[in-house]
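Visitor: Work out the full structure: start from the sequences and follow the hints.
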Amino acid sequence: MPHSNGCARSRQGAQRRGGRGAIRCDLRRRRACAICGRRREDGRRTGRRGYRRRCLEAGVAMSRLGLSIAASLAIVLALFASASPVDAWARKGHRIIGLIARDQLSPEAKAAVRQLMGSDDLPKFSLYLDLIKDDLQQQIPGSRAWHYDNVPVCKTKARDQYCHAGNCASGQIARHHQLLRDAQEPNHRKHFAIFVITHLIGDVHQPLHAADNDDRGGNRIEVQLTEGRKKEVNLHTAWDTSFIEQLFAGKNEQMVAKNLAEKFVTKSAEWRKGTVDAWIAESNEIAKAVTYAKLPGFACGTQFGPARLPLTAEYVQAAEGIVEEQLAKAGYRLAHVLNLALGE
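Once you know that position 129 of the sequence shown is 132 in the numbering used here, the rest is easy, because the numbers rise by one and skip nothing.
Any given hint could turn out to be false.
What the hints assert, rightly or not - Taking lysine to any residue pairs in the SDA-like style, the calculated list, with each CA pair at most 25 Å apart, reads: (1) Lys270 <-> Gly145; (2) Lys291 <-> Thr278; (3) Lys270 <-> Ala321.
Think of the hints as simulated: they come from the structure by calculation, not from any bench.
Guide: The structure is reproduced here in structure tokens:
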């Protein structure tokens, strides 16, 4: 695996040595090679969005040149790591889950992950699927829906109505878990399966990734938070981002992960039981009982208008407690899934 300070492969070196020859990219100065993006001819840097797009394209290009998927994805992750971090559930929450899971891997599973990926950096692996969401949708139509199971909170739908052709979190977790277990599958497919599983197990423990009320999982419900926080967000963002912030008061992510793992260790054996479908049903029940039901004025059959809903202190306190437990559950369960797939 390439080192995090950057690398890229030349076409000639990749073809001649099967992807083992490397040339270094200077990430700090953005002096990337031809397939990683360049400065403009006038010497100025290109915009960050364009740079990121080219780096994502580089991952595809490098895999076509003969690099393993793990190597090319690691390059892209390293390039993203050089940019300013964005504080969001997608980053903080997934990294906490990955940290908890890494400490719970069996020695056999940890060795297998290292052999496949070059390291056991589950926190980093868990971010990738969000980073390439738009690009992956172009390559695999329907993949944007991998991040959730839109199980209705007020209606009954057959599974194939919200998981068409397996394009939902539960379908893709099952598919890639089976792929990991199959000794006949090539390693490059197992590389990608690690990225899928480490991300989606986290996603399905966010209640609004397992529930919907014809509002795009709460994205169409505008809410107003209590004092001391970003006041105006949508409901989905509140659960993705806002309710996790209290965990970080004076703590780094390693401390948060350690505290959560220790706080809920007595429940961890029970949490490992069941199936992914059962875990999604559990998240859906949380959405029914709290995420939606505790909203002021909520009732099935009614839609909220454009006015912002004020979230009470009681709602926020309940949500923060749920977020703590869901992060810990996801960490223990992610380790369990990987142990089953790789630890035997």
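Visitor: Now tell me if each hint is right for this structure.
Guide: Hint-by-hint comparison with the structure:
Restraint check for Lys270 and Gly145: the C-alpha separation of about 36 Å exceeds 25 Å, so the hint is violated. Only pairs whose Cα atoms come within 25 Å are accepted, and Lys291 paired with Thr278 is accepted, the gap being roughly 20 Å. For a cut-off of 25 Å, the pair hint linking Lys270 to Ala321 stands: about 19 Å separates their Cα positions.
Checked against the numbered hints above, the structure violates only hint 1.
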